[in-house]
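Colleague: Now for the letters of each chain:
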Amino acid sequence: MSLLDSEAGKRRLLSVEIPVIERYNEGRDPAFQIRLSRLGGTLVLRYCLKPGHNIYQLETRLVSSYPTVPPETRVLTALKHCPHLLEGQTLCLWRQGSTRAGSRWDPARFTCIFAVQAAWRWLACYEVWHETGEWPLPEAK
Amino acid sequence: MAHLLQVGAGSGGMPVLDMLCRDPKIGRVTLIEPDVYKPHNVERHLFPLSAVGEPKAELARCWLLERRPDLVVDLLPCDLCDPAHQDAIDVAAAGCDIGVCAADNEPAKYHWDALMRRHAKAWTLGEVLSGGIGGFVHWFVPGGPCYGCVASHLKRSVKVENEPSPDYSQPGGPVRETTIPASKASIQTIASLHALITLALLDDPARYSPGFTSMLLTLQRVPEVFDEAFRPYRFRVPRAADCLICQARPTPSSVEELDVALDQALARLEDA
Chain A
1 MSLLDSEAGK RRLLSVEIPV IERYNEGRDP AFQIRLSRLG GTLVLRYCLK PGHNIYQLET
61 RLVSSYPTVP PETRVLTALK HCPHLLEGQT LCLWRQGSTR AGSRWDPARF TCIFAVQAAW
121 RWLACYEVWH ETGEWPLPEA K
Chain B
1001 MAHLLQVGAG SGGMPVLDML CRDPKIGRVT LIEPDVYKPH NVERHLFPLS AVGEPKAELA
1061 RCWLLERRPD LVVDLLPCDL CDPAHQDAID VAAAGCDIGV CAADNEPAKY HWDALMRRHA
1121 KAWTLGEVLS GGIGGFVHWF VPGGPCYGCV ASHLKRSVKV ENEPSPDYSQ PGGPVRETTI
1181 PASKASIQTI ASLHALITLA LLDDPARYSP GFTSMLLTLQ RVPEVFDEAF RPYRFRVPRA
1241 ADCLICQARP TPSSVEELDV ALDQALARLE DA
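If you read the sequences in order, they're chains A and B. Sequential numbering of the first sequence, starting at 1, is according to the working numbering. Sequential numbering of the second sequence, starting at 1001, is according to the working numbering.
A couple of the hints might just be wrong.
As the list claims (entries may be wrong) - Which stretches of chain B does chain A cover? Using the computed rule of at least three CB atoms under 8 Å from a CB of chain A, they are:
(1) 1046 to 1053
(2) 1088 to 1099
(3) 1193 to 1206
(4) 1255 to 1269
Said to hold, decoys possible - DEER-style ranges, computed between Cβ atoms:
(5) A:90 x B:1082: 22 to 30 Å
(6) B:1083 x A:76: 47 to 55 Å
(7) B:1208 x A:88: 26 to 34 Å
(8) B:1159 x A:53: 34 to 42 Å
(9) A:54 x B:1082: 24 to 32 Å
(10) B:1159 x A:81: 54 to 62 Å
(11) A:6 x B:1208: 55 to 63 Å
(12) B:1082 x A:88: 23 to 31 Å
(13) A:90 x B:1242: 44 to 52 Å
Simulated from the structure, these hints should not be mistaken for lab results. Cβ coordinates follow ideal geometry from the N, Cα and C atoms, glycine included.
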């Protein structure tokens, strides 16, 4: 399935992803709403999150093979290097793995907003780690 | 006689294909397999060392015709997900009686599931667990649970590995889970189960009801994962009412209307 080129991908966007993005944006301060842009076969979500004291700019990419391949989220705001941060300030949100059991992403149940919420949780952990040196989620260690 | 469409003739797919095509019910096969036979395949494959360097699809055709000269074998030596070959794959799916998925990666399984649902075909899937500690066989029929329903259910209800978390201090480092091969004996056992279920499903897809939709057969005892070896677990996975893969949601019926609606929706949300 190619997200922006195939009929199945377009139906997924129109019936699942876009409605949940619009619901997320509804009543939200415009500075924190999700904006979209197309980048080849990839759909890019750009947004800001404020998990605690700081505001972070982020982008989540729905690659052409989304949703079978999980979205990729990176923080555009400069971060201090930490163990759960991959190359290009990409967040380690789903366990990296090729098998069903090895990945936390579930294309049958998760939408792109789940990725946004996961990024919020990651950033909240980052702020705790920044102050204490401890990542507060034991299962991520 | 039935037309079988199979994706994958690797170490798991080839024995399934071999066993299915020895059955007189199968009269025609279309095989989707883009890979070339490599030296590391020899240990677990049916083909000899002398075949290294040959396309697996061609080797499979020769193997089958040596045993069933009457069999019609069509080859699609392409990647299942390659957009350039979707028309040919669609034609093959439309004409088949049953599908067999022996793909070894998740995107290909979802792609196959979508293909089979689009053409309303019954299909089966075999999966050997890392290290050969056991394996799954799943069967699917039109209107039943999709691969997304099954994968989502099993992800939550079954533990099939007990590996440490990746080393997050080494982002981009090797992923250990993909480096534990299964033995030929383990692969053959799950392939035999896969072939049996496929042949039974082929007899009457509409009424096939073995009491499960997915079967897990353990082959080894693994502490904290499987209590004992050679134990079958039968799962009756329902179609999930909230599955984002297979549950129909209202969208425009024509492709043109779909494009217009999507463009309008994206325009509302695009960067200013």
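Colleague: If a hint holds in the structure, say so; if it doesn't, say that too.
Modeller: Taking the hints in turn, this is what the structure says about them:
no.: 1; hint: 1046 to 1053; verdict: violated (count 0)
no.: 2; hint: 1088 to 1099; verdict: violated (count 0)
no.: 3; hint: 1193 to 1206; verdict: violated (count 0)
no.: 4; hint: 1255 to 1269; verdict: holds (count 9)
no.: 5; hint: A:90 x B:1082: 22 to 30 Å; verdict: holds, 27 Å
no.: 6; hint: B:1083 x A:76: 47 to 55 Å; verdict: violated, 31 Å
no.: 7; hint: B:1208 x A:88: 26 to 34 Å; verdict: violated, 48 Å
no.: 8; hint: B:1159 x A:53: 34 to 42 Å; verdict: holds, 39 Å
no.: 9; hint: A:54 x B:1082: 24 to 32 Å; verdict: violated, 44 Å
no.: 10; hint: B:1159 x A:81: 54 to 62 Å; verdict: violated, 33 Å
no.: 11; hint: A:6 x B:1208: 55 to 63 Å; verdict: violated, 30 Å
no.: 12; hint: B:1082 x A:88: 23 to 31 Å; verdict: holds, 27 Å
no.: 13; hint: A:90 x B:1242: 44 to 52 Å; verdict: violated, 29 Å
The structure shown violates the earlier hints numbered 1, 2, 3, 6, 7, 9, 10, 11 and 13.
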